[in-house]
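Chains as they are written, first to last, in my numbering: chain W, 14 to 321; chain Z, 728 to 1065.
Everything hinted at is true.
Derived Cβ-Cβ restraints for the label pairs, each shown as a range:
| no. | chain 1 | residue 1 | chain 2 | residue 2 | range |
| --- | --- | --- | --- | --- | --- |
| 1 | W | Leu214 | Z | Gly883 | 56 to 66 Å |
| 2 | W | Asp150 | Z | Gly893 | 37 to 47 Å |
| 3 | Z | Ala938 | W | Leu111 | 33 to 43 Å |
| 4 | W | Asn190 | Z | Val947 | 35 to 45 Å |
| 5 | W | Phe147 | Z | Val947 | 41 to 51 Å |
| 6 | Z | Pro887 | W | Asp150 | 22 to 32 Å |
| 7 | W | Lys220 | Z | Ile1029 | 22 to 32 Å |
Rough simulated footprint, nothing fancy, chain Z against chain W, three-plus residues with beta-carbon under 8 Å:
| no. | stretch |
| --- | --- |
| 8 | 289-297 |
| 9 | 307-315 |
To be clear, the hints were calculated from the coordinates, so they are not data collected in a lab. Quick reminder that beta carbons are idealized off the backbone N, C-alpha and C, glycines included.
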Amino acid sequence: MARPLMLTIMRLLTPTLEFDMLVFIETLINGLLLGALYALFGMGLSLSLGVMRMINIAHGDFIVLGAYLSSVIVMSTDLGPLASLLLLLPLMFVIGWLLQVVLFNRVVGRDPLSPLLLTFGLSIVIQNLLQEGFSADTRSLPAGDLALQGVELGGMSIGVLPLISAAISIAVFWFINRLIHRSPVGAAVRAVADDQETARLVGVNDKRLFAYMTGLILVTVGIASVLYGMRTPFSPASGPERLIFSFEAVVLGGLGNLWGTFIGGLIIGVSQLFGARIDTGLGPFFGHLVFLLALIARPQGLFKGGKS
Amino acid sequence: MKSENLSVTAAAANTTGVAVNKTYWIKSIILLGLLGVLIALPWFTGYSTQRLMVELFTFYAIALAWNLLAGYGGIVSVGQHVFVGIGAYAMFSVSTTFSLNPWLALPASIIVSILFALIFAVPMFRLRGAYFAVGTWVLAEMARIAVLNSDWLGAGGGIPLTTMTGISRWLRNAGVYWAALAVGAGSLAVIWWLMRGRLGLALLSVRDSEAAASASGVNVLRTKVILWVIAAAITGTAGAVAYMNTLQVSPGATFSLNWTAAAIFIAVLGGIGTLEGPLIGVIVYFLLRECFSSYGSWYFIILGCIAILTMVLAPGGAWSLITRRKQIDPFGIRRILS
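For reference, chain W alone in the conformation it holds in the complex (with noise of 0.2 Å):
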């Protein structure tokens, strides 16, 4: 804690690392870049929190899991990893409805504990069942042209990878967000979110929602992990880490606030990238320190929690 701390009071009041506007717009944009990223793993997770009052600690599991499948699709089709999202989410879904109805469907709503406990326990089976299949060796998702092109903008380049990534999280987040506050299922979903008993009294068989909700949640891991696998290295050993980036966002944002989980992956995204800069080895670092302190400055999260 010590020197990360000194480092950057050091890098702070050092004259000779002149402030350079064009290095630091260019952090901000790949940072909030980088955060529509991290807004879109945590968008799973704030779904299954502020409807199901449930945490699932295999998260970032499902998201490398999904990454994957993906690369299995590649390279047996001839679909490449963006084509390879046609299989992979109806997959993805499937996996999640029977995750829900065979395992979490028995202890959601006994107590916060349980649910907690199980899918820790899941998220160690998922890793070393990674790791059997597809060794400990890191992989990517062949991100062809797409990884080198990049916009040029004012002296700054910007990779369109990363462009596209965060317009599909936006849309993901524009249309999830319409689903729950405009359909007649998204008015089920805010009921059990409200009351599940007074929910089931009306007539919602919450257990089945929940295993449809599951299954929509993994959709989204889906497509996040396509785009995190296309963008970084994975491992099966990268779970733990995105879940914890996922968990940042969705408390930053406050509970049961879709776009204020979006708002957080943002905020993680860009301390991270200006967190690298200090120290390229810091980057994590700062994106959990300026997450302890904006939870010591507002434990509610930054965002009124509406509920989703």
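Using the hints provided, position chain Z relative to the given structure of chain W.
Positioned in the frame of chain W, the structure of chain Z alone reads:
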């Protein structure tokens, strides 16, 4: 009304303590005999057995501390490995910096763990439930990255325990074993004593109903922070002793989630919220490890599946399967309103 109930419960607990009967003496003699055998172990076992026992006792203490937090305080922490790391690093750096005998440096683990627990309590106790759980994990990640980037803590390479040189092999193994025994038995004794006393009563009332406990004069936050600090001290000391065995700390291994995962597994399997649970859990854990650890990933897959099945089928763990048939209470910490 509630406070009246509580005082009746306290009185009931007291009378069982006062009525010293024959079973009390039998229990004490068995316990002392067992302790004597455990202390004498280095004279009739080999180094490998002693090393295994060191692991067993330290894992037990860490699981007991985790179980104390989760089962009695309702505080679930997924970041307990931060204290394993802090305790081990505190002992290693104090011992090597001042050329101090490692055993004499152990109190540093307790003190530093308590200090960090108090600092961590400031942001963490703003979180509740699952948020607290993952929040502690964030802390542990931060600590790991900070140590990894701190040259004075050996950065990525870690610190070797150079002060162990010059101590004979037998004495080193036996000494670490006795330290582990002291940590294991000591933490059980501390927690048993706490649970029999005022804090234990406060804890049980907080666990059963926070609102009612608070209304009858229990300072809920203070009680939870005390528990958090005690668990940190136990975990930190156990971590330090565990690394006396390996003679080297490194950020990746010492601040590893595997420590917390093992603690959770032991507590869940044995029975959350019981003193007996971790004892059963740690034995099952090590039996499974001795039998299946050669299978690599499959061993962890089996462990994970057992944890999942326990949560679905018998959330009370192995101990609940026993008490379901027969009401027994060997530690005498249950409080029954009579």
